[in-house]
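Colleague: The lines below spell out each chain.
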Amino acid sequence: MTHKQSAISLDRRDFLKVAIAVAGVSSLGNATAVRAVDATSSGFIDTNVYLSRWPLRRLPCDDTAALVAKLRGQNVTQAWVGSFDGLLHRDIAAVNARLADECRRHGNGLLVPFGSVNPKFPDWEDDLRRCAEEHRMPGIRLHPSYHGYKLDDPDFAKLVQLATKRGLIVQLALAMEDRRMMHPLLQVEPPDVKPLADVVKETPGLRLVLLNAMTLLRGQPLLDLVKAGEVFTEIAMLEGVGGVAGLLKKMPLSRLLFGSYAPFFYFESALLKLKESPLSDEQLRAIRCDNAWRLLAKKSQPN
Amino acid sequence: MKHEIWDVHCHLCGVPGTTPEARLGKLLEYADRMGIARLCVSMGMTMEHDPSPEFMRRSNDEVLQAVKRFPDRAFGFVYLNPRHTQASLDELNRCVRDGPMVGVKLWVAQHCNNPSLDPIVAHATELKAIVTQHTWLKFTGNLPGESTPMDLAELAVRHPKATLFCAHTGGNWERGIRAIRPYPNIYADINGVDPTAGFTEMAVRELGAEHVLYGSDAGGRSFASQLAKVLGAEIPDSARRLILGENLKRLLRPILSEKGIKI
Numbered sequence: 116m117t118h119k120q121s122a123i124s125l126d127r128r129d130f131l132k133v134a135i136a137v138a139g140v141s142s143l144g145n146a147t148a149v150r151a152v153d154a155t156s157s158g159f160i161d162t163n164v165y166l167s168r169w170p171l172r173r174l175p176c177d178d179t180a181a182l183v184a185k186l187r188g189q190n191v192t193q194a195w196v197g198s199f200d201g202l203l204h205r206d207i208a209a210v211n212a213r214l215a216d217e218c219r220r221h222g223n224g225l226l227v228p229f230g231s232v233n234p235k236f237p238d239w240e241d242d243l244r245r246c247a248e249e250h251r252m253p254g255i256r257l258h259p260s261y262h263g264y265k266l267d268d269p270d271f272a273k274l275v276q277l278a279t280k281r282g283l284i285v286q287l288a289l290a291m292e293d294r295r296m297m298h299p300l301l302q303v304e305p306p307d308v309k310p311l312a313d314v315v316k317e318t319p320g321l322r323l324v325l326l327n328a329m330t331l332l333r334g335q336p337l338l339d340l341v342k343a344g345e346v347f348t349e350i351a352m353l354e355g356v357g358g359v360a361g362l363l364k365k366m367p368l369s370r371l372l373f374g375s376y377a378p379f380f381y382f383e384s385a386l387l388k389l390k391e392s393p394l395s396d397e398q399l400r401a402i403r404c405d406n407a408w409r410l411l412a413k414k415s416q417p418n
Numbered sequence: 213m214k215h216e217i218w219d220v221h222c223h224l225c226g227v228p229g230t231t232p233e234a235r236l237g238k239l240l241e242y243a244d245r246m247g248i249a250r251l252c253v254s255m256g257m258t259m260e261h262d263p264s265p266e267f268m269r270r271s272n273d274e275v276l277q278a279v280k281r282f283p284d285r286a287f288g289f290v291y292l293n294p295r296h297t298q299a300s301l302d303e304l305n306r307c308v309r310d311g312p313m314v315g316v317k318l319w320v321a322q323h324c325n326n327p328s329l330d331p332i333v334a335h336a337t338e339l340k341a342i343v344t345q346h347t348w349l350k351f352t353g354n355l356p357g358e359s360t361p362m363d364l365a366e367l368a369v370r371h372p373k374a375t376l377f378c379a380h381t382g383g384n385w386e387r388g389i390r391a392i393r394p395y396p397n398i399y400a401d402i403n404g405v406d407p408t409a410g411f412t413e414m415a416v417r418e419l420g421a422e423h424v425l426y427g428s429d430a431g432g433r434s435f436a437s438q439l440a441k442v443l444g445a446e447i448p449d450s451a452r453r454l455i456l457g458e459n460l461k462r463l464l465r466p467i468l469s470e471k472g473i474k475i
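Here the protein sequences line up with chains V and U, keeping their order. Its first residue numbered 116, the first sequence is counted upward by one per residue in our numbering. Its first residue numbered 213, the second sequence is counted upward by one per residue in our numbering.
A few of these clues could be false.
[Unchecked claim] Only pairs whose alpha carbons sit at most 27 Å apart, straight line, appear in this in silico BS3-like list of lysine-lysine:
{"#": "1", "chain 1": "V", "residue 1": "K273", "chain 2": "V", "residue 2": "K342"}
{"#": "2", "chain 1": "V", "residue 1": "K316", "chain 2": "V", "residue 2": "K265"}
{"#": "3", "chain 1": "U", "residue 1": "K238", "chain 2": "V", "residue 2": "K365"}
{"#": "4", "chain 1": "V", "residue 1": "K364", "chain 2": "U", "residue 2": "K238"}
{"#": "5", "chain 1": "U", "residue 1": "K350", "chain 2": "V", "residue 2": "K265"}
[As the list claims (entries may be wrong)] Here are a few chain V residues that face chain U, going by a calculated C-beta distance under 10 Å:
{"#": "6", "residue": "P175"}
{"#": "7", "residue": "C176"}
{"#": "8", "residue": "D177"}
{"#": "9", "residue": "A180"}
{"#": "10", "residue": "R294"}
{"#": "11", "residue": "M297"}
{"#": "12", "residue": "E354"}
{"#": "13", "residue": "G361"}
{"#": "14", "residue": "L363"}
{"#": "15", "residue": "P367"}
{"#": "16", "residue": "Y376"}
{"#": "17", "residue": "F380"}
{"#": "18", "residue": "S384"}
{"#": "19", "residue": "K388"}
{"#": "20", "residue": "S392"}
{"#": "21", "residue": "P393"}
[Unchecked claim] Over 12 Å on every C-beta distance to chain V, these chain U residues come out as not near it, computed from the model:
{"#": "22", "residue": "R269"}
{"#": "23", "residue": "D273"}
{"#": "24", "residue": "N326"}
{"#": "25", "residue": "P356"}
{"#": "26", "residue": "G357"}
{"#": "27", "residue": "E366"}
{"#": "28", "residue": "T412"}
{"#": "29", "residue": "E422"}
{"#": "30", "residue": "A445"}
{"#": "31", "residue": "R462"}
None of these hints come from the bench; they were simulated from the model. Ideal Cβ positions, reconstructed from N, Cα and C, are used throughout, including at glycine.
This is chain U alone, in the form it adopts within the complex (with noise of 0.2 Å):
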């Protein structure tokens, strides 16, 4: 049985290629030999901890003009910076509401249990829109506004209808699933960590396949290290399939539906 690949974390950063469209078009040179077939596409050329609303619109317009060149293998995710919540409120409706991207990047800008967070969160799950937080807990110290799983976990219990993805899954996995285990709208991304193997097997015994997607963190990191965490765990081949790409088929459905995308 073939199982379709879909790639939940990709960035242009770290990719060769002077254009959006280039960069794009390098990862999907590298994503074609893997076998996977779409790539979740966030952040432009260029990365800001904290971005101002101009680095914010250009960023996202790096990452609308490149999925604008493959429509049918990429998804675009707004990036956007909770600290400056009416232009991230204005972004996600030129980006998803009326525009093509699916979902929402938040990385270190802002604590994801801060209240700024609460009507970007809010306007998202009215869209469909799937929200990604980047988190780690970093035994050398996270940056100022990086959020941990637990932060996460204060933001789902605040919005229980929206589906937010955890990425990275807290990078030290072992206490980041346990982190979001009580908490059904959480999904693990096991993207942008050292493919350490038992990873995910602990993923699938602790929140169940249908919680955990696969992602790469590509360009910073290679599809293979990452594959190799779905791959290469002692996983039954169901639960796999549902890792590789039938979990984010199933959660972007609602949001492709409306926007009168068939997948």
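Same shape as in the complex, but just chain V (with noise of 0.2 Å):
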């Protein structure tokens, strides 16, 4: 098969055309429409996207509608949430509740939920148990960073082995924003990534997803750690021009998601990260939603 540019593929038969969607900018004309990113029927599996309120600042579409009409419009077919709810939250059990509830409510299947688990809480596993068992959710979602544990923790290692032994995704969250930018009173460290290999290594069938990753892991310690096991990454805080491109020369295509941290990114950062890097249909349908869609379909299969 010949790997045509997106440009070029725009015409295919089994590519839809997404003209691109974003609110008001389709009558920006054809210099500036963001129309070349091509979508598949599927449309795109987002896989970094947050429900309720991020705790320091009200956001367009942090209301569960309004993101759900954003995704929609954007062609998105799959949006795998978590709860921001879950960074500060004590009662996580309620969290994870009202996110399987938000996710039933609102968007006819399209929100998939990731619960929060904090493996510091008393009795964490049965928040876990919840998640697989109550809320049949996929995979959890954690934030080490605002849970106040290492990624040498051994709470987190016996977090990620139990997930893992119930077939679960494990998403863990890097960063949340930009550490100059955090408010005085809610200063976080970030996480030191070098113990994560050895708990992939320690953790046969783990599925592990970085998420806002990419201020933290980049270059050979980031490929280090994708060779370890099955640890796949997104681009929502990828930077630099034809940023998807320059990571694809060394990242396997089979490991890089779409994921756009939204609402608190806008949601066509990650889009147009699609339109600026020079892509081949294969890699935009990977990127797009294959990738995330072979790595959920193994979520039958547990240890």
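Assembly of the complex is requested from the two constituent chains, each provided in isolation within its own frame, with the hints serving as guidance.
Modeller: Following this line, the structure appears as structure tokens:
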């Protein structure tokens, strides 16, 4: 198969042109319309979305109905969502119950909940059980910086192992915002990611998705971690001109996912990165949906 | 309606290429993919926080070399260091008065409320050149000479006729926007900060769309993440048009006209 560049691929019958859909942008005309990202009929799987409220500001689309409308308008067919409440709330069980309920009530299957678990809380194992058994979540989303543990903490390793035994995907949010921009009363240290490769190697079957990783993990350390096991990352915090194409020169295509970090970030940021880099049809399809789809499909095969 | 996009803030660093022309050419390849018509470029192949006069000249030579290759696509901004006032004035004359550059770039060598900036800003204003000042409000701590939007506000009071661009809007944009709000000669350049939703909406609400400018900070940042701040914002299309290019065209028109450059 010849991998034509995305600009050429728009005419292919099996690709639907996404005339991007940015509110108001379609009127910009051919020079500025964001339209080179094509989509199969399956659209985008956005692996990095949050519900509820960021503690320090209201965000456009931090209302679930508005967020669903936004995602639908961008041809997102599935969004893996965590809850901002999972960062600071202590009643994690209620956070996860609300998250599951919101996902049921909105979007008609668009929203796929990833529950929060804090391994430093008493009886966190039952939060994990509820995520898997009661809420039927396909994975969990962890926030070590906000929950006050390091990645060489035995409780973290235990949580990852138990989640893997339950067949859950583990999403690890390495950052939530630029450290320089944090509120002075809510500053958290970024985690040291060095111990992560050992955790991956010691947890057979682990499917680990790094969220907002690109400011902390780049170059060889990222590649080493990806080689350690079934480790994926997404593009929300990837920066630099032609960033996606640059990353793919070294990183296996199968490990890169689409993630917008909406509604904290403008959804269009991740979308436009796929336009900025010259990518083949195969690359676009893999990042946009196929890799995430394959990752999720393994869910039914717990160790 | 088609909106022309002009990017107010690009660099040659962080871009592949072994020559300034190659790097600008590569930047323009990406710009073409994003529908960006013109780039404002400052600083050379490498960056120094506190450049010597020699480094300034070399850095500006590299930008001159690059924009000479693409005169219809790029404008140069001269990189100056107020700690070397006379050398900076000489560079301003060489690159702007007697050369093709249209603006001044000030980075982190000296807080911009320092009196050493006064002759530079005064002369830039005489030349109708724009002054872009890097600003940040880092809770992790600014560099010793790194300016804040509050510093820029002080400069604006002393130079009410100067056209001042508040690059990065202080990073912490919710504070930065407030800091520059009272000063009509300061413009929010929204480049080089994470594409945090709500940034552009607040800037338009508090400053007016005519005081907000799109920029990227490419090559360190992607055009994509920075354009998203404008294309993804919940603002009227008329505001989008101003931010993407019309404001910059309006503000550059006096110096471009002086140089006989038609836009």
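Colleague: Against the earlier hints, flag every one the structure doesn't satisfy and list their numbers going up.
Modeller: 9, 14, 15, 28 and 30
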